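Participant: Here's the letter readout for the chains.
Number of protein chains: 2
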Amino acid sequence: MKTDRYSSLEKIIKSNMFSSIFILVDENSHRFCLDVFIKKTKISDYNEIKIISGEENKNINTCIEIWDKLNYFKADRNSLLINLGGGVLTDIGGFAASTYLRGIRFVNVPTTLLGMVDASHGGKTGVDFKSLKNQIGVFSEPLEVVLDSDYLKTLSKEEFINGYAEVVKHSLLTNKLELSFDSLSKLDINKDVDFIIENYSEIKNEIVSSDKYESNKRKILNFGHTIGHAIESYSHISDSFKPLRHGESIVIGILTELYISHKMLGFSLHDLKTIKKHLLNYFIKIKFNGEDLDKIYDLLIYDKKNDGNRVNFVLLKKIGEPIIDQEIDKDLFIDSFTFYEK
Amino acid sequence: MKTDRYSSLEKIIKSNMFSSIFILVDENSHRFCLDVFIKKTKISDYNEIKIISGEENKNINTCIEIWDKLNYFKADRNSLLINLGGGVLTDIGGFAASTYLRGIRFVNVPTTLLGMVDASHGGKTGVDFKSLKNQIGVFSEPLEVVLDSDYLKTLSKEEFINGYAEVVKHSLLTNKLELSFDSLSKLDINKDVDFIIENYSEIKNEIVSSDKYESNKRKILNFGHTIGHAIESYSHISDSFKPLRHGESIVIGILTELYISHKMLGFSLHDLKTIKKHLLNYFIKIKFNGEDLDKIYDLLIYDKKNDGNRVNFVLLKKIGEPIIDQEIDKDLFIDSFTFYEK
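These protein sequence lines map, in sequence, to chains L and V.
The opening position of the first sequence corresponds to residue 9 in our numbering, with each subsequent residue numbered one higher.
The opening position of the second sequence corresponds to residue 9 in our numbering, with each subsequent residue numbered one higher.
No wet-lab data here; the hints were simulated from the structure.
Quick caveat, the model's predicted, so the values are computed rather than measured.
Hints may contain errors.
Because identical chains cannot be distinguished in the list, a pair is counted as satisfied if it fits within a single copy or across any two copies.
Cut-off 30 Å, straight-line C-alpha distance, at most; resulting in silico cross-link-like pairs (DSBU-like, lysine-lysine) [what the hints assert, rightly or not]: (1) Lys271 to Lys225; (2) Lys227 to Lys161; (3) Lys138 to Lys58; (4) Lys271 to Lys303; (5) Lys22 to Lys285; (6) Lys225 to Lys194; (7) Lys250 to Lys82; (8) Lys184 to Lys77; (9) Lys303 to Lys77.
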């Protein structure tokens with residue numbers, strides 16, 4: 009199956025439907041992935057656009073650099089942008105492509121586990137703005153997403169595991185028994201990586217394709233992300249805190265929101281403890297003080313997923329049964345961190 | 009009929025579907041239009057966002073200012089942005105709204121003739137980039153366009169007539185006899201302004217609604233704009249030239265492209281001369297030297313409407329019969345300016 013992954017991309021490139029091809033990389037994907045990608049796709053005629061990696065560069069200035077290069081190399085409406093990199097790169101590349109000349113086509117080739125199971129799918133593109141994640145962006149689907157676990161071999165252990173939080177999230181949202189959390193927890197994340205990439209990204213695709221513009225059904229994907237995003241934003245602006253990776257933040261989001269689910273909707277305490285133990289095998293525990301929690305709570309009300317001044321959470325009644333539009337109070341928010349840190 | 013123009017907007021505002029309302033103005037619409045608008049709509053609770061007018065400010069920095077204000081006032085996904093101003097303002101406001109939180113809703117209230125008959129319709133939003141017009145943008149439809157000729161009363165004569173080039177363009181594209189160029193030329197642009205606004209904007213709407221993403225049919229709206237846009241861009245970057253208004257540039261685009269239509273497709277010389285005489289009643293003639301024309305021609309190949317390195321023109325076989333995807337050579341381009349200046 010793996011050898012087929014590039015066949016569709018090769019076909020559209022050979023068809024000459026594109027006037028020019030651009031490959032967006034950062035210093036990591038330039039060094040570790042570009043040669044592999046070129047060898048596998050046999051693309052010979054392309055321009056490389058290189059940006060600097062990292063969430064701190066996922067901003068409008070980096071986007072301007074990409075527009076500038078597209079403009080310099082005279083990209084036109086029939087040009088193609090191939091985004092080769094992690095979630096930050098596919099988010100920003102997708103946004104740059106979708107706004108250049110009111111939209112050129114783009115292909116995502118995720119090179120991290122996070123990108124493969126989550127970020128490169130679903131049509132959300134964008135950049136951060138004023139320390140708020142994904143504040144500026146559009147919904148725009150890639151022409152194609154190429155999944156190839158070969159790129160994961162060059163990742164550090166921390167970078168690899170960063171994507172696993174989203175895999176766990178998908179296992180908690182699906183009602184397919186063979187992909188539920190229980191089944192997932194029995195897999196070997198190294199040996200079974202191809203199975204994980206294919207199946208757990210598909211859970212997201214199925215949810216998204218039923219609701220492209222996040223009017224309702226798609227909201228369940230925000231599970232773990234209401235608190236998770238606020239923690240991630242806070243870790244990037246606070247002096248007393250080291251910046252957290254997306255996955256590290258989402259794990260805390262999942263565990264606190266599951267605790268809130270337990271208290272509000274009766275989510276099983278046994279399942280909650282099992283999930284906590286499983287996740288803390290892979291992710292270290294982070295400590296928060298009272299001031300941290302106050303500030304994280306304040307950030308919640310800026311989160312783009314809220315209506316007016318209400319903070320809407322996705323909670324779980326049980327595994328595979330998410331409930332949207334749940335309001336919580338601050339005491340329960342604080343309690344959920346006590347549970348997490350315990 | 010005029011009294012009804014705000015009823016639909018009033019209805020959606022009263023329905024409480026929006027968490028907050030923002031009105032985007034520039035110094036002109038703030039001074040001349042905002043009070044009128046507030047009085048007519050009876051909106052009481054809103055935040056004003058003010059930008060500086062002018063094509064030279066239609067850039068990503070102005071857009072960042074708008075995002076910044078939306079963010080500062082905690083706009084969320086259910087906020088509404090009302091764009092009250094000319095074509096530059098509705099273009100940039102539409103883009104800012106369509107990319108803020110991956111898209112909030114917006115309403116256009118054009119205050120210039122250009123905005124009323126052209127810019128505020130059709131879903132093209134965006135900003136200029138590196139001296140190229142509308143290089144960055146998205147297709148995104150306003151929730152509503154409110155047409156009210158009362159705003160035109162405060163415009164200078166030059167600013168008013170600026171939109172008339174697009175009216176003439178629409179009259180050359182339509183095959184409705186009662187709106188064709190011949191009928192239009194018999195109207196009084198002051199007394200008949202309500203008729204003009206309603207009917208000539210509708211010509212555009214009908215073309216656009218049959219082709220939202222400019223795959224084919226919509227291309228005919230580029231008539232006059234291939235050369236016109238290049239002239240406008242050039243006038244903004246050249247030291248030897250004063251910046252031209254959009255309408256001033258488009259008039260030259262219409263006349264040169266009609267001359268090319270005459271030479272390549274047999275467009276009637278009699279009609280061409282009639283149209284030239286009519287337009288030069290309203291717009292002064294501009295002089296170009298050989299160097300100007302070389303540079304304008306070079307700018308053409310950057311124009312976003314071109315496939316690869318070909319320059320595609322929309323030409324007219326006769327009034328009401330546009331033909332897309334026509335390639336021309338440079339000699340004919342030069343000749344068309346000789347005709348225009350004659």
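Participant: With 30 Å as the alpha-carbon cut-off, assign the pair Lys225 and Lys194 to within, between, both or neither.
Facilitator: Cα proximity of Lys225 and Lys194: one copy only (29 Å, versus 56 Å across).
Participant: For Lys184 vs Lys77, is the C-alpha pair at or below 30 Å within one copy, between two copies, both, or neither?
Facilitator: neither (45 Å within a copy, 44 Å between copies)
Participant: Given a CA cutoff of 30 Å, do Lys271 and Lys225 count as a within-copy pair, a between-copy pair, both, or neither?
Facilitator: within (23 Å within a copy, 57 Å between copies)
Participant: With identical chains treated as interchangeable, where does the CA-CA distance between Lys227 and Lys161 reach 30 Å or less: within a copy, between copies, both, or neither?
Facilitator: Neither, since 33 Å and 47 Å both go past 30 Å.
Participant: With identical chains, the pair Lys138 and Lys58 could be close in the same copy or across copies; at 30 Å between alpha carbons, which is it: within, between, both, or neither?
Facilitator: Result: close both inside a copy and across copies, 23 Å intra and 20 Å inter.
Participant: Measure nothing new, just compare the shortest in-copy and cross-copy C-alpha distances for Lys303 and Lys77 to 30 Å and report within, between, both or neither.
Facilitator: between (39 Å within a copy, 22 Å between copies)
Participant: Cα distance capped at 30 Å. Does Lys271 pair with Lys303 within a copy, between copies, both, or neither?
Facilitator: within (23 Å within a copy, 70 Å between copies)
Participant: Using 30 Å as the alpha-carbon threshold, which applies to Lys250 and Lys82: within, between, both, or neither?
Facilitator: between (41 Å within a copy, 27 Å between copies)
Participant: As a check of your reading, is Lys22 near Lys285 (CA-CA no more than 30 Å) within one copy, between copies, both or neither?
Facilitator: neither (49 Å within a copy, 51 Å between copies)
The structure shown violates the earlier hints numbered 2, 5 and 8.
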